[in-house]
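Undergrad: The numbering of the sequence shown is UniProt numbering, which starts it at 1 and goes up by one.
In short, the hints are calculated from the structure, not lab data.
Listed below are the simulated SDA-like cross-link pairs for lysine to any residue, each with C-alpha atoms no more than 25 Å apart in a straight line: (1) K124 / S43; (2) K59 / L126; (3) K127 / F109; (4) K76 / L114; (5) K76 / I35; (6) K76 / T41; (7) K124 / F75; (8) K25 / A66; (9) K25 / T57; (10) K25 / N78; (11) K76 / T57; (12) K124 / Q113; (13) K59 / L115.
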Amino acid sequence: MPARKRGVVLVAENRTFYRREEIGKLITPEYILGIFEGEGTFSNDRRQNGVPVPCVTLKMHFRDKALLEGIRDYFKLNNRVYEYIHGGRHYAMLIVRDTPTLKNTFVPFFRNQLLGHKGIQFEKWLKMFPYLNSLHHRDLPRKGQKT
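All chains should be built: construct the whole structure from the sequences, respecting the hints.
TA: Structural data, given as structure tokens:
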């Protein structure tokens, strides 16, 4: 039974208001921009050989996993939404590292659209990985070449 406090029912459930399929029909570009302004990161991972790889990450509480899946579906991605526990908290996370997807989907989507500090982070990220701005995917750096 949910706890009651002054006539208000406090419910702690791990679910979203809408199901993933409904989210997919309701989600808008503006909504996604807002989510990324607050929760997204433009960063990099490192391969085993130390080469930095660009990535876009969106991490939220596990209860919003359906929302992350809806965003993934909006972009028509095949990526898995990962679950993990850190510091006793349960998270869900969408990570995109695929260069063609970053270059052809995410860069055009976010270019000149992020209004807060995330816009600065995005521009710095693009400077770290200039090949994301080029016209052709084949402009990726070769092994041993600096990015």
